[in-house]
Amino acid sequence: MIPSPFAFYAPARLDEALDLLQQYGDEAKLLAGGHSLLPTMKLRLATPAVLIDLHKIPDLVGITVDERVTIGSMTTWSALEADATLCAAVPVLAATIRLIGDRQVRNRGTLGGALAHADPAADAPALVLVLNGTLTIYGPAGIRTVAAKDFFVDLLTTALAPDEILTAITLDRVGPDEGAAYLKFAHPASRYALVGVAAFLRVEAGQITACRVAVTGAGVRAERLTIVEARLLHQPAQAEVFAAAAQGAADTLEILGDLHASEAYRRAMVEVYTRRALEAAAANLRAS
Amino acid sequence: MTRISLTVNGRPYQGEVEPRTLLVTFLRDHLHLTGTHIGCDTSQCGACVVHLDGISVKACTVLALQADGATVTTIEGLAQDATLHPLQEGFWAEHGLQCGFCTPGMIMSTFDLLQQNPDPSDEEIRHALEGNLCRCTGYENIVRAVRYAAQQMQSNQNA
Chain R
1 MIPSPFAFYA
11 PARLDEALDL
21 LQQYGDEAKL
31 LAGGHSLLPT
41 MKLRLATPAV
51 LIDLHKIPDL
61 VGITVDERVT
71 IGSMTTWSAL
81 EADATLCAAV
91 PVLAATIRLI
101 GDRQVRNRGT
111 LGGALAHADP
121 AADAPALVLV
131 LNGTLTIYGP
141 AGIRTVAAKD
151 FFVDLLTTAL
161 APDEILTAIT
171 LDRVGPDEGA
181 AYLKFAHPAS
191 RYALVGVAAF
201 LRVEAGQITA
211 CRVAVTGAGV
221 RAERLTIVEA
231 RLLHQPAQAE
241 VFAAAAQGAA
251 DTLEILGDLH
261 ASEAYRRAMV
271 EVYTRRALEA
281 AAANLRAS
Chain Z
289 MTRISLTVNG
299 RPYQGEVEPR
309 TLLVTFLRDH
319 LHLTGTHIGC
329 DTSQCGACVV
339 HLDGISVKAC
349 TVLALQADGA
359 TVTTIEGLAQ
369 DATLHPLQEG
379 FWAEHGLQCG
389 FCTPGMIMST
399 FDLLQQNPDP
409 SDEEIRHALE
419 GNLCRCTGYE
429 NIVRAVRYAA
439 QQMQSNQNA
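So the sequences go chain by chain: R and Z. Start counting the first sequence at 1; every next residue gets the next number (this note's numbering). Start counting the second sequence at 289; every next residue gets the next number (this note's numbering).
Just so you know, not all the hints are guaranteed correct.
Cβ-Cβ distance ranges computed for the label pairs, FRET-style [as the list claims (entries may be wrong)]:
{"no.": "1", "chain 1": "R", "residue 1": "Gly-142", "chain 2": "Z", "residue 2": "Glu-412", "range": "42 to 48 Å"}
{"no.": "2", "chain 1": "R", "residue 1": "Thr-252", "chain 2": "Z", "residue 2": "Cys-328", "range": "36 to 42 Å"}
{"no.": "3", "chain 1": "Z", "residue 1": "Tyr-427", "chain 2": "R", "residue 2": "Arg-13", "range": "42 to 48 Å"}
{"no.": "4", "chain 1": "Z", "residue 1": "Met-289", "chain 2": "R", "residue 2": "Ala-84", "range": "43 to 49 Å"}
{"no.": "5", "chain 1": "Z", "residue 1": "Met-289", "chain 2": "R", "residue 2": "Gly-248", "range": "57 to 63 Å"}
No lab work stands behind these hints: they were computed from the structure. Here the structure is a predicted model, which is why all the values come from computation and not from measurement. Even glycine gets a Cβ: it sits at the ideal position worked out from N, Cα and C.
For reference, chain R alone in the conformation it holds in the complex (with noise of 0.2 Å):
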């Protein structure tokens, strides 16, 4: 219930955190909306000696929506959901924040720290997966950034080097002619994604010129489904199309299996919410 005990540290400026960081190495974790974090300290499967918590860094909070959309990494989902310019220029993004934890998680919970934490359960990674996210990261050597496909590497792990700071988080806008959308097989207590498919489409002339699909939940980590974006490509935007594409959509993945859902029962799902998500994207379809 209570966490261990740790030192804690809320620098007003991103370089004293970066030095807090490299001064104290794996002892420190950092802190966004703490909503993975806490409980996991409070049930005492993580115990960091050091917390830097980044609320009071004003750099890494904010929304600009250009020709791409950038995002701070401390940017609450609620700020994102209230955001009209946003929801606008993506609106797969406040349709899938509605899915994520509830009001209150909502209320703290940040893009960035759900992207750094990398459960394999939350929501957020498939949806940076297909939108093409591109993740700017801050560290000892400056700046660099990393395409959200290199982002998540295995469970509860990303690209990010111990010192290393994930400041910003760049999206692509929906735009004529494309449409997205993600769906999931919530755990009914927990409300995380047994399964959770997200779909990106761009449909020209009946066409799918442009498609990206990622999954959820099903895995180790939240990753494309290229296999089914390959044989989606140049093929008409049609029921059957997305059906024949799903099939088999989990073959070739590293499926789970826990008490809440067996790997085949997974394995199967992941099947029928692709084909699921790839419906409703092109039906999200926007004008040209």
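Using the hints provided, position chain Z relative to the given structure of chain R.
Frame of chain R; chain Z shown alone:
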């Protein structure tokens, strides 16, 4: 120990806390404001919902130190003297509780909802209560209680 100062229900408080002190522990054990409840270990039940600078949060998943300098409202801060808040009245009038353990959180969550959406549909009320668990009533009367409060608050405003 670290010194913190914050305003709770309009009154300034100061205290010394260990960094690991949760906001809910500070409210209950340091300030003796025990209306904010602890119902789970996993940030799911919502019995501990309070407002931190006007936004509903689960006080079990915020450190007391993170409320340093902030304004906190708890269930004890809703009634004006002897007059219950319309939400408190609504839970009473519509029998929105049995054991009452979840009620402070239910009220603080829907207080946040009604500030942003004074006339929510049943579906919007249920969506806003996703983070609050009740093990007695089955939610029907809770939704009615919130609707009662919304109507009351709107007619108070129009009066």
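Look at the Cβ atoms of R/Thr-252 and Z/Cys-328 and judge whether their distance stays inside 36 to 42 Å.
holds (38 Å)
Against the range 42 to 48 Å, how does the distance between the Cβ atoms of Z/Tyr-427 and R/Arg-13 compare: consistent or not?
holds (46 Å)
Does the beta carbon distance between R/Gly-142 and Z/Glu-412 stay inside 42 to 48 Å, or does it fall outside?
Given a distance of about 46 Å, which is inside 42 to 48 Å, the answer is holds.
Check the following: the C-beta atoms of Z/Met-289 and R/Ala-84 are separated by a distance inside 43 to 49 Å.
holds (44 Å)
Given the range 57 to 63 Å, decide if the beta-carbon distance of Z/Met-289 to R/Gly-248 lies inside it.
The hint (57 to 63 Å, Cβ to Cβ) holds, given that Z/Met-289 and R/Gly-248 are roughly 59 Å apart.
Going through the hint list in order, the structure satisfies each hint without exception.
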